[in-house]
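A.B. asks: Using the sequences plus the hints, can you model the full thing?
If you're matching positions, the sequence shown starts at 18 in my numbering and goes up one per residue.
Errors might be hidden in some of the hints.
[To be verified] Calculated lysine-lysine pairs in the DSSO-like style (CA-CA distance at most 27 Å, straight line): (1) K247 x K105; (2) K73 x K186; (3) K73 x K105; (4) K73 x K247; (5) K214 x K186; (6) K73 x K214; (7) K73 x K252; (8) K247 x K214; (9) K214 x K105; (10) K252 x K105.
Calculated directly from the structure, the hints in this document are not laboratory data.
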Amino acid sequence: MIVWSLRFLLFCVLAAAFVYDWPWYSYAIAIALYIGVMVSFSFRIEWRIYLDSLLKQPDDSVALTFDDGPHPETTPAILDLLQHYNIKATFFLIGEKCEQYPELVRRIMADGHQIANHSATHAYSISLSSRRAWRDEIERCQRQIMTIVGTAPLLFRPPYGVTTPNLSKALADTGLTPVGWSLHSHDWTSSVSGVLKRLNTVDQGDIVLLHDSCPNTVEALTSWLPAVSKDFDFKPVVTTRV
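C.D. replies: This is the structure:
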């Protein structure tokens, strides 16, 4: 709805520029502003502009979600922590890494966690992909995971949280449910104290974004989980919308 409203607004501005003979650069400014706004929407998954992503749990539970794994050093440490506190989480795995470390994928499944799709390659250029390229990327990751554990994921999180109309169409083709987050830990850019500061703001219903490829995540969870493991009902992502 917002996208169509902006397109209509752009049309009205361009029509006015034509009728009232505005300077040529008026067209350039209007089009540049339109493109800038549309691109900015791609980086705000929580706005649900291009993708109707799950952002919160439908109940009071908290979902810990881990992107970019599996990692041979940090993923086992995180799994050990979760096992110690009897917490089940959701792991958004990269297909190529699954092929590198299949034993970790099997352990994630054996420990009772939820496995989800985070694309086959997590390439920097993936956000510019066509509908078909996105579909191929998603389906390839599905096959890579299914080959290892025998079941295909139901959930997908876009790399970098970037959403586009082409991705939306590809997900409609594949039937996967997109998942965002309500709290970003910034564990890949922040110090351990910075991650802890954000984790201490977790509230009921949150879907928390973490990365099982970051040493800071292990250190932060080692400090945070003992204090909150009994305060929250931790569950994998629930696919019921709120």
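A.B. asks: All the hints need checking, so say for each whether the structure fits it.
C.D. replies: Comparing the hints with the structure gives:
1. For the suggested pair K247 and K105, the alpha carbons sit about 13 Å apart, so the restraint of at most 27 Å is met.
2. Between K73 and K186 the alpha-carbon distance is near 22 Å, which keeps this suggested pair within the 27 Å criterion.
3. A C-alpha spacing of about 16 Å is found between K73 and K105, which places the hinted pair at or below 27 Å, so the restraint holds.
4. The hinted pair formed by K73 and K247 meets the criterion: a straight-line CA distance of about 20 Å does not exceed 27 Å.
5. Restraint check for K214 and K186: the C-alpha separation of about 37 Å exceeds 27 Å, so the hint is violated.
6. This hinted pair checks out: K73 and K214 have alpha carbons roughly 20 Å apart, not beyond 27 Å.
7. For a cut-off of 27 Å, the pair hint linking K73 to K252 stands: about 12 Å separates their Cα positions.
8. For the hint pairing K247 with K214, the CA-to-CA distance comes to about 19 Å; that is within 27 Å, so the pair holds.
9. Our distance criterion of 27 Å between C-alpha atoms is met by K214 and K105, whose separation comes to about 22 Å.
10. With a CA separation close to 5 Å, the supplied pair K252 and K105 stays within the 27 Å bound.
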